[in-house]
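Going down the list, the sequences are from chains A, B, C and D. Per the working numbering, residue 1202 is the first one in the first sequence, and the count goes up by one each step. Per the working numbering, residue 1202 is the first one in the second sequence, and the count goes up by one each step. Per the working numbering, residue 1202 is the first one in the third sequence, and the count goes up by one each step. Per the working numbering, residue 1202 is the first one in the fourth sequence, and the count goes up by one each step.
Be aware that one or more of the hints could be misleading.
Any copy will do: because identical chains look the same in the list, a pair fits if it lies in one copy or spans two.
[To be verified] DMTMM-like, lysine to aspartate or glutamate: derived pairs with alpha carbons at most 20 angstroms apart:
# : residue 1 : residue 2
1 : K1568     : E1413
2 : K1423     : E1242
3 : K1541     : E1236
4 : K1323     : E1348
5 : K1541     : D1250
6 : K1423     : D1497
7 : K1260     : E1242
8 : K1568     : E1495
Derived by calculation from the structure, the hints in this document are not laboratory data.
Protein chains: 4
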Amino acid sequence: MATKRRQTLRVAMVGHAFMGRAHANAMRQAGRFFELPFDVELAVVVGRDLARAAAAAAKLGFAEGSRDLDAVLARDDIDLVDVATPNDSHAPVAMAALRAGKHVLCEKPLALSSQEAVAMAKLARASGRRVGLWHNYRRCPAASLAERIVRRGDIGRVRHVRATYLQDWLSSADVEASWRTESKRCGSGAHGDLNAHLIDMTRFLTGLEFVEVSAIAATFTKSRPTGTGKRRRVDVDDALAFLTRFDNGALGTFEASRVAPGRKNHNRIEINGETGTVVWNLERMNELELFRFEGDEDTRGFRTIMCMDESHPYAANWWPDGHLLGYEHTFVNTFAEFVKSLRGRGRFRPDFDDGVAVQRVLDAASKSARSRRWTKVG
Amino acid sequence: MATKRRQTLRVAMVGHAFMGRAHANAMRQAGRFFELPFDVELAVVVGRDLARAAAAAAKLGFAEGSRDLDAVLARDDIDLVDVATPNDSHAPVAMAALRAGKHVLCEKPLALSSQEAVAMAKLARASGRRVGLWHNYRRCPAASLAERIVRRGDIGRVRHVRATYLQDWLSSADVEASWRTESKRCGSGAHGDLNAHLIDMTRFLTGLEFVEVSAIAATFTKSRPTGTGKRRRVDVDDALAFLTRFDNGALGTFEASRVAPGRKNHNRIEINGETGTVVWNLERMNELELFRFEGDEDTRGFRTIMCMDESHPYAANWWPDGHLLGYEHTFVNTFAEFVKSLRGRGRFRPDFDDGVAVQRVLDAASKSARSRRWTKVG
Amino acid sequence: MATKRRQTLRVAMVGHAFMGRAHANAMRQAGRFFELPFDVELAVVVGRDLARAAAAAAKLGFAEGSRDLDAVLARDDIDLVDVATPNDSHAPVAMAALRAGKHVLCEKPLALSSQEAVAMAKLARASGRRVGLWHNYRRCPAASLAERIVRRGDIGRVRHVRATYLQDWLSSADVEASWRTESKRCGSGAHGDLNAHLIDMTRFLTGLEFVEVSAIAATFTKSRPTGTGKRRRVDVDDALAFLTRFDNGALGTFEASRVAPGRKNHNRIEINGETGTVVWNLERMNELELFRFEGDEDTRGFRTIMCMDESHPYAANWWPDGHLLGYEHTFVNTFAEFVKSLRGRGRFRPDFDDGVAVQRVLDAASKSARSRRWTKVG
Amino acid sequence: MATKRRQTLRVAMVGHAFMGRAHANAMRQAGRFFELPFDVELAVVVGRDLARAAAAAAKLGFAEGSRDLDAVLARDDIDLVDVATPNDSHAPVAMAALRAGKHVLCEKPLALSSQEAVAMAKLARASGRRVGLWHNYRRCPAASLAERIVRRGDIGRVRHVRATYLQDWLSSADVEASWRTESKRCGSGAHGDLNAHLIDMTRFLTGLEFVEVSAIAATFTKSRPTGTGKRRRVDVDDALAFLTRFDNGALGTFEASRVAPGRKNHNRIEINGETGTVVWNLERMNELELFRFEGDEDTRGFRTIMCMDESHPYAANWWPDGHLLGYEHTFVNTFAEFVKSLRGRGRFRPDFDDGVAVQRVLDAASKSARSRRWTKVG
């Protein structure tokens, strides 16, 4: 059997904490469940400590570990650099990789500010390399289905977006400080972490752009223990909510919080159109709720669609009808699409321009929360 | 304004405990929300104790109390006798009322046995009077809607009925004995009380008849305190489950229990047809769940219909769209239909023949639980 | 039996449309289910048209109809005036009644503006009469339970209020114009109608006061058919959302809309405290959701409390455990409490001062939506 | 770093359809998420066709394909044989592997009959090899949690088991015949396929044994198209329901159906104990419902536990708190436990003795459905 040998795509991953584990899993699994134009080879994990990078490489299925990013970027055989580091190094790592001629996949948020994001997007366009952002929830089958439903007009012109991303892990004042409670490391708190998802998802689902925002933020716990008996001031928000008007005149309410007891990953978006409503919620990520004014009046109601039949996005790549997917599959689906895009000519979405768009909304909301004024986006 | 004066319907109610309160409320309210062919006059409450009957009459809106049923039945001006007593007196009271030429509405279950029920139905037919049974849940709007949906063929030929009526008030062995734990007074336990509802509702929703049953029963708490420091043996079931085959070949599973912690009034019926499913549950009595194989494959799912828009049964009699009804409304709807039927020629359902049909299934299941054999109904 | 005869409370009701029907039902039913210090006598219905007022009186159980409010107010035997008219006549009717020395129960919203509301509250205080507002949802058992839970500290200090009142009846541009789409008659659209409920309920549940708001409004359908072939301009909002900060530093998001397909009476409030969360939703008004950080870590979760056991507010007045209540019961509970308050010395809540507080928040939000600025309440 | 090199566990997998894909995934992933005592090496896939076996090996990550089971079993370097073939070859393959001295993991159901199962279990015990059955749902975190809850006594003595496994893929008479509708290949229909899961799960969750059963079965579609224009008779059940009594006196109702529209993988078990209830449902496999009589009476209710915090079984092996798992993870968890058991001395559960126990209940129910009698298990 004279099969033409597929090319190999060699990947270097920078960072190997939670996100690195999720990315690595996606890289290992994509070729098992999707037909890809390349064999994916997990070449090297880059970290700040060699021993830990090597251990991560072994655990995650990479050939080796390294602490020398420059040396890795200088290697001819590396095709793709995956950025899985904390937020403050997204820009330097991604830009170095682009300059070294690599394709780049970057964890969200793209950057700590719009300015930084714009520079990255500009460089990406100039580089001719393929870039992508890990807004993985776009490839949750139920979310992809929601996008299909909205785009084909099933709910009509959009009038309301109602988006909340609620967690509860900072509810107690006893939870310790971390890089996530320090603005220097993460930019902002719940806002940058959680609203970033809501904003990207809204743009994806509706195709609308945010025009202006009015925001309010709060930090309920002013300082947190450090683990060494001291306390460190918290300089990021626990919660940030904002109102928005979209370019078609629709209204939006957005809210991110890490102090909503009982909410674990309540990343929920409700979209009301003129003729119907869809609701997606990460906490029940295999389901989509849909209402439409249609059919017999006496049988209308919200339906719960279990998004795992072959008619649903990505479902056919996985298991037979009726078998659930989990969190990690959104990464696998994303990676598979990205690898496929390397052969195609179209744009992979979300790319750095999408990252810029998200960042601009985040920045406008941050600014509005400080200035207490309606603030234009962009 | 020379409106022709409507006739008056005078009602005597026998019994004034929980069911009496619900019936009386229905009688007071029906004319406020329905156009009735008669003015309903609450004439007399009959009880075993005159003072208590008089107090009940005052509280419930009747003109007077009485302890003399015979005298009340002898009154020419009484048109309708409502039977709201414990199970063991349904037959004697209802039959006396029929013999006295009264219309009769009787609380369920019709009787303590099929034989008794048959005698009542026979007398009812001979009497020419209108009779009805208070299987009030038929007139829950969501249940009436379910019947409409099944009857118009929306879910196709019925294949499965899955019915459970679960409560939890006898879970603890510390709950005291009462007439409901004494077979002499109530016939059976969860079975007669709860399965009676499931059986009537299934006949109503599907139009099917039960052919044969195989049952199992259990009494988990063998004796209960009496309140006087003693214990009394429990000789009724805590739970009874049965399998059945219907006359069209469909399968049914039925289960009644008073020892299912967390279930308060979990009177739930799921019907699977060839092309769809409906689910009704008294604990969410304003909703109906419906699934159909129809429309786009990728948007199929169970829908939750909120049964309170003007397209829904009885909804227009009550409040504007979107306002919930409660338990008592099922009685009001039932009473209104019964009063309307007094002017019409059709049969009011459920009547005593329906009561016989229910009783035959109950009896067959009781017998099967004892004999441990499949038992024919009827 | 020498029972001391209870006094009689004679009621005149002004208005007899939807709200009049609900109020009248409450007046008829309260004494059947509550021990009241007065016999309630439904004396007269006042309307603009005598024949219709008389027909309403007959239907609703009042002794007579009238079109002469002044004459009714001049009657010595009338104790209580119930205001069930459209919004623009609340102030004149209620104030005339107070001046005539009557107790007053007034449909919400109290007034069309804060100024009007303040004048009413001032007069009420000066009059020495008892006044109340029909914010009936406070007496939904699940809402009363939520208040009990929050007040006894079960969820800790409140940090977030997330409130939405969504309906869908104006989604289609084909729905005709009415007094509800005309600012002169109703003040505002979804805002005054629906946010009024959310604001009152939030004050009730949390005891917090609104400090400042930032709002956005939209009217998606600019004109509507009149039924005569013409179209009338819509000058009220279809939707209004606002952010708020409370006096304890908590954040709130509020949103009212009549164009959210599938939402019928989605009056939902989520309150996140430091140690727990409660969620109340009118569409499932017999249930309350509660989360607490407590007990074994591995069994924590949102619980759904069915609010109809004898431990729950008002449940014991109605039916045995496990039987649902509906929309109208919130009015009956309210009326019963009001009548009881006539004998007591405490304040009936909500009263006109509560109405003022609600109106001030409504006004601030309306103003903010126009000015596009954060606006202080009060 | 002189780490002692771990031993390698070499696996041969027989069969490579749906179940083979799920098993292979588990073998690839287990070592990435669990600390295992062996390195797992995917050595060979055995199939009936060499080219297809080789392609499967490549796709699934095995070193090679083979069509010669005997040769594979003769290899010294194969440690574990995984049986992923249709039901009728479980016994011959597993027994040949045991005779060749291999450990064996076998897809469920263990066999086509009790006799066959008993022979397998006997051989397994004699062999001294480790055997396991892929009843993967036991290792769904929510199911493992349910078992923990029941075993630690949180719901008290079990009184009711209410189990349904409902699917809808055979609802239409147009669905084609397959090995799953042919008794020779699969033993029975919905019964063997779906009730097997319910029975194993019930034994796992409760520790109870089934004493006797009364069953009813139905085949609604008597013949199905073959794809070649002909129709083949269906000789397996579409649905089978049975009643049971457990060894502690508890009652059970069990029902499997492939003709329940809208139900995809409705594998749901409700267990009522004396003091509480748990409900597990594969369609919401990341959640567990729990009710307990405990704490304040007014806050009791069913709670929905999201089973993905570190306090929950297996959760710590996967992602941080609040991130969902899917179907395939139940296989990974199972495989990891099996591999760990190879080093330990305890029994791996479920093993072939568990398989025998399940098969005995299945057989008794099949027999009861034919004989129409209560039938002892075993």
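* What are the numbers of the hints that this structure violates, sorted from low to high? -> The structure breaks hints 2, 4, 5, 6, 8; every other hint is satisfied.
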